[in-house]
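**Q** Turn these sequences into a full structure, and let the hints steer you where they fit.
Read top to bottom, the protein sequences are chains A and B. Note that the first sequence covers residues 0 to 166 in numbering that gives the first Met the number 0. Note that the second sequence covers residues 0 to 102 in numbering that gives the first Met the number 0.
Note that these hints are calculated values from the structure, not bench results. Keep in mind the model is a prediction, meaning the values are calculated, not measured. Every residue, glycine too, gets a C-beta built ideally from N, C-alpha and C. Mixed in with the good hints, there may be bad ones.
[Said to hold, decoys possible] Below, simulated DSS-like cross-link-like pairs (lysine-lysine); rule was C-alpha separation at most 30 Å, straight line: (1) Lys54/A - Lys65/B; (2) Lys43/B - Lys75/B; (3) Lys43/B - Lys97/B; (4) Lys10/A - Lys87/B; (5) Lys68/B - Lys102/A; (6) Lys68/B - Lys6/A; (7) Lys59/A - Lys75/B; (8) Lys26/B - Lys8/B.
[Said to hold, decoys possible] Computed spacing ranges between beta-carbons, pair by pair: (9) Gln151/A - Ile19/B: 41 to 49 Å; (10) Thr3/A - Glu49/B: 38 to 46 Å; (11) Gln76/B - Phe87/A: 35 to 43 Å; (12) Gln76/B - Leu103/A: 18 to 26 Å; (13) Leu82/A - Lys97/B: 37 to 45 Å; (14) Leu85/A - Ser22/B: 53 to 61 Å; (15) Arg52/B - Lys6/A: 45 to 53 Å; (16) Gly91/A - Gly58/B: 29 to 37 Å.
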Amino acid sequence: MSNTEQKPLDKVLIICAKGNLEDVYATLVMANGAVMEGIETKVFFTFFGLEGILKKRMDKLHTATVGNPAMRMPGDLPFPTLLGALPFVETGVSAMMRSEMDKLDMPPPSEFLEMITAGGGEVFACKLAVEMFKLKKEDFSDEVKDIITIGQFYEMAGGQNTQIIFT
Amino acid sequence: MVEKTIAGKSINVNEEGYLIDPSQWTKEIAIEMAKEEGLELSDKHFEILEYLREKTAAGEALSIRKVGKSGIADIKQLYQLFPGGPLKLSSKYAGISKPTSCV
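**A** Put into structure tokens, the structure is as follows:
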């Protein structure tokens with residue numbers, strides 16, 4: 000017997016544990032997309048993912064130019080790892096990526112977070128990671144609702160059509 | 000494609016209810032479409048719909064960020080005006096195609 004009934008998603012919980020530009024953006028795009036579809040959305044930032052909600056650094060995220068085999072130079076040439084290790088190369092490449100994203104109407108993380116919460120999405124920081132990195136609530140974007148434990152996060156996962164996504 | 004009679008006019012919509020030909024759109028169609036889904040359109044709603052139609056006619060891609068910066072309503076107000084689908088629902092009532100942007 001096949002089950003062909005399609006049930007729309009009610010809720011998504013998205014976890015971001017990495018602080019690279021692309022990891023944080025993947026989380027933000029998915030979270031904002033879910034909010035725009037009318038899906039209840041909760042986002043949990045942990046470990047290096049906290050970079051994506053730190054007031055000081057969220058709009059200056061970097062992408063890795065070393066150890067990133069998918070990285071390409073203009074003209075589709077491979078990007079030599081040794082070049083990526085030179086001073087300022089990562090900064091320059093990251094700034095270029097951010098400007099390319101802006102052209103596609105992708106906002107910087109600070110504004111992305113505002114868009115998510117404007118639609119009713121909720122953003123949380125992981126208590127364990129916050130303590131480990133010795134951070135305080137005021138270090139984070141004002142859109143961060145609370146600093147919570149993973150247990151509290153799971154408690155929010157109730158309901159029939161909930162998905163947890165780890166980016 | 001489905002043929003549908005709405006507000007006394009015969010229109011063509013796709014399986015999701017979006018108008019195929021934006022020129023078939025009238026205010027009355029928008030009002031009826033929204034009413035079917037339990038939403039009453041105000042003047043503010045129509046300002047947004049007009050904005051969306053103008054931008055689409057000019058060939059510009061739409062995103063919620065752009066509409067939020069239109070000066071008509073910010074993003075929070077957009078969610079209040081079109082609950083559960085600020086860009087999807089407004090595009091539908093504006094008689095334009097379903098948004099293709101990821102933001």
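**Q** Next step is simple, just say for each hint if it's right about the structure.
**A** Verification of the supplied hints:
1. For the suggested pair lysine 54/A and lysine 65/B, the alpha carbons sit about 24 Å apart, so the restraint of at most 30 Å is met.
2. A hinted pair counts as satisfied when its Cα atoms are at most 30 Å apart, and lysine 43/B with lysine 75/B qualifies at roughly 14 Å.
3. About 21 Å separates the Cα atoms of lysine 43/B and lysine 97/B, which keeps this hinted pair within 30 Å; it holds.
4. Distance check on the hinted pair: lysine 10/A and lysine 87/B sit about 18 Å apart at the alpha-carbon level, within 30 Å; holds.
5. Annotation: proposed proximity of lysine 68/B to lysine 102/A holds, straight-line Cα distance about 15 Å (limit 30 Å).
6. At most 30 Å may separate the alpha-carbon atoms for a hinted pair to count; lysine 68/B and lysine 6/A exceed this at roughly 34 Å.
7. Of the supplied pair hints, the one linking lysine 59/A and lysine 75/B holds, its CA atoms being roughly 25 Å apart against a limit of 30 Å.
8. Our distance criterion of 30 Å between C-alpha atoms is met by lysine 26/B and lysine 8/B, whose separation comes to about 12 Å.
9. Between glutamine 151/A and isoleucine 19/B the Cβ separation comes to about 47 Å, which falls inside the hinted range of 41 to 49 Å.
10. A beta carbon spacing of about 40 Å between threonine 3/A and glutamate 49/B agrees with the range 38 to 46 Å that was offered as a hint.
11. Between glutamine 76/B and phenylalanine 87/A the Cβ separation comes to about 42 Å, which falls inside the hinted range of 35 to 43 Å.
12. Our hint of 18 to 26 Å for glutamine 76/B and leucine 103/A holds, since their Cβ atoms are close to 24 Å apart.
13. A hinted range of 37 to 45 Å for the beta carbons of leucine 82/A and lysine 97/B is consistent with their spacing of about 42 Å.
14. Between leucine 85/A and serine 22/B the beta carbons are some 56 Å apart, a value that agrees with the proposed interval 53 to 61 Å.
15. Checking the proposed 45 to 53 Å range against arginine 52/B and lysine 6/A shows it is violated: the Cβ atoms sit about 33 Å from each other.
16. Judged by the Cβ atoms, the range 29 to 37 Å given for glycine 91/A and glycine 58/B holds: they are separated by roughly 33 Å.
In summary, the numbered hints that this structure violates are 6, 15.
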